[in-house]
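Participant: Since the structure of chain Z is provided, determine the placement of chain S on it from the hints.
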Amino acid sequence: GAGVSQSPSNKVTEKGKDVELRCDPISGHTALYWYRQSLGQGLEFLIYFQGNSAPDKSGLPSDRFSAERTGESVSTLTIQRTQQEDSAVYLCASSQGLAGDNEQFFGPGTRLTVL
Amino acid sequence: DQQVKQNSPSLSVQEGRISILNCDYTNSMFDYFLWYKKYPAEGPTFLISISSIKDKNEDGRFTVFLNKSAKHLSLHIVPSQPGDSAVYFCAATGRAGGTSYGKLTFGQGTILTVHP
Chain Z
1 GAGVSQSPSN
11 KVTEKGKDVE
21 LRCDPISGHT
31 ALYWYRQSLG
41 QGLEFLIYFQ
51 GNSAPDKSGL
61 PSDRFSAERT
71 GESVSTLTIQ
81 RTQQEDSAVY
91 LCASSQGLAG
101 DNEQFFGPGT
111 RLTVL
Chain S
1001 DQQVKQNSPS
1011 LSVQEGRISI
1021 LNCDYTNSMF
1031 DYFLWYKKYP
1041 AEGPTFLISI
1051 SSIKDKNEDG
1061 RFTVFLNKSA
1071 KHLSLHIVPS
1081 QPGDSAVYFC
1091 AATGRAGGTS
1101 YGKLTFGQGT
1111 ILTVHP
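Each protein sequence line maps, in turn, to chains Z and S. Be aware that the first sequence starts at 1, since it is given in my numbering, and climbs by one per residue. Be aware that the second sequence starts at 1001, since it is given in my numbering, and climbs by one per residue.
This is chain S alone, in the form it adopts within the complex:
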């Protein structure tokens, strides 16, 4: 039962263009969403997050959009840089009292390659 899904295993983008990574979820108890970035042989590092009370959060080149009715979130990176090449995971956690509280449920990840 994959509660968080990233349906694109990979994405290739030209430097300077926009990268859009997508994520869908099924659990309506999720109320906080995060994106993590992972380089080979390293642990994931936090990138940006969004609470369910918002539909957009921006941090420099990174913007996360949340569409609660569609249970969909996306990460936009603009402009994309070669150093952004990594695996990107979306993750979700739920409200206190629910079974998803306190821990992160991750998607399968999307490999982003930004070409110079």
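One chain only, chain Z, in its complex shape:
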């Protein structure tokens, strides 16, 4: 389909390892967002990319988290030296423009479990 896709759907890793999560946005969407949902919590904003502008990284919880986006396509979220508190569902969304009038379309998420 033409929706947002994410891979892997599930990732189990050991504490201290690095992980990389991938997001393929809807073609033509200039804005791409990463959120995470910890158990029993709402979605927490992490970072967004909009066109060629500098990304808004204000939601990244620590310097172990980073994200890249290639043009207006694929994005990867990297978590270095994972900790147990990083366990969450990581959700990617894309939209034709920034949040507000532009609906964000979400992928199914990647469930990360850090043992």
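These aren't lab readings, by the way, just hints derived from the structure by calculation. Be careful, since some hints might not be right.
To be verified - With a cut-off of at most 25 Å between alpha-carbon atoms, the simulated DMTMM-like pairs for lysine to aspartate or glutamate come out as follows:
#	chain 1	residue 1	chain 2	residue 2
1	Z	K57	S	E1058
2	Z	K11	Z	E85
3	S	K1037	Z	E103
4	S	K1037	Z	E44
Facilitator: Then chain S, alone, in the frame of chain Z:
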């Protein structure tokens, strides 16, 4: 600092009755509000939104009400159907130039169960 709060973790309603989901916010810079619906193992899907210049927006069975003075919004579903059973998140975003612009701030979600 929870800027968007959904104080009811769950709500149970009989089919055909009205479901009312509530949401409160604290950031006066928020000027656009949205409701998302989420099924297990799926990403949230957009349901309905409202701009701060309005106090009501209606789309079929779904109506969102905004009370800016109380910093409160609610989602009404009538009549409720078993297929409406899901987690409902309210979200907010702010004006251009503010720190909340461009991204959504979500509440914790309310699990709605509609019984046949």
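Participant: Kindly indicate which numbered hints from before are broken by the structure, ordering the numbers from low to high.
Facilitator: The structure breaks only hint 1.
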